[in-house]
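Peer 1: Please put together the full structure from these sequences, using the hints given.
Position 96 of the sequence shown, counted from 1, bears residue number 154 in my numbering, the numbering being contiguous throughout.
Simulated from the structure, these hints should not be mistaken for lab results.
Please note that the accuracy of each hint is not assured.
Unchecked claim - Calculated pairs, EDC-like style, for lysine to aspartate or glutamate (alpha carbon to alpha carbon, straight line, at most 16 Å):
| no. | residue 1 | residue 2 |
| --- | --- | --- |
| 1 | Lys122 | Glu104 |
| 2 | Lys144 | Asp119 |
| 3 | Lys101 | Asp130 |
| 4 | Lys122 | Glu146 |
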Amino acid sequence: QVQLVESGGGLVQAGGSLRLSCAASGSIPTMNTMGWYRQAPGKERELVASITTFGNTNYLDSVKTRFTISRDNAKNTMYLQMNTLKPEDTAVYSCNLRPHLGAGNYWGQGTQVTVSS
59 QVQLVESGGG LVQAGGSLRL SCAASGSIPT MNTMGWYRQA PGKERELVAS ITTFGNTNYL
119 DSVKTRFTIS RDNAKNTMYL QMNTLKPEDT AVYSCNLRPH LGAGNYWGQG TQVTVSS
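Peer 2: Structure below.
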């Protein structure tokens, strides 16, 4: 089993920045993809950004120039640096981990990000 704990959410004004962290613990598979998803009220959950063990990244088009995903494999921690935040970025952001081999799809409890205009 893998446990994921997010931190770093909060309230920020438009144009501001936040940094989210996701700490993984437990039986973490060596090769995996970690990602940040978000879900706003009344909307479907969407993938914001993902990063593999090897550092390959993928971004939602609307955040490509503003957000940066990274990870520290030694610390089993993933980060999302969010700059130039917009009100439409307001959502619950959740951390996800999927092994490259075998079964498993793990989620954190989520952290609220609210961007005021």
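Peer 1: All the hints need checking, so say for each whether the structure fits it.
Peer 2: Here is what the structure says about each hint:
{"no.": "1", "hint": "Lys122 x Glu104", "verdict": "14 Å, holds"}
{"no.": "2", "hint": "Lys144 x Asp119", "verdict": "14 Å, holds"}
{"no.": "3", "hint": "Lys101 x Asp130", "verdict": "31 Å, violated"}
{"no.": "4", "hint": "Lys122 x Glu146", "verdict": "14 Å, holds"}
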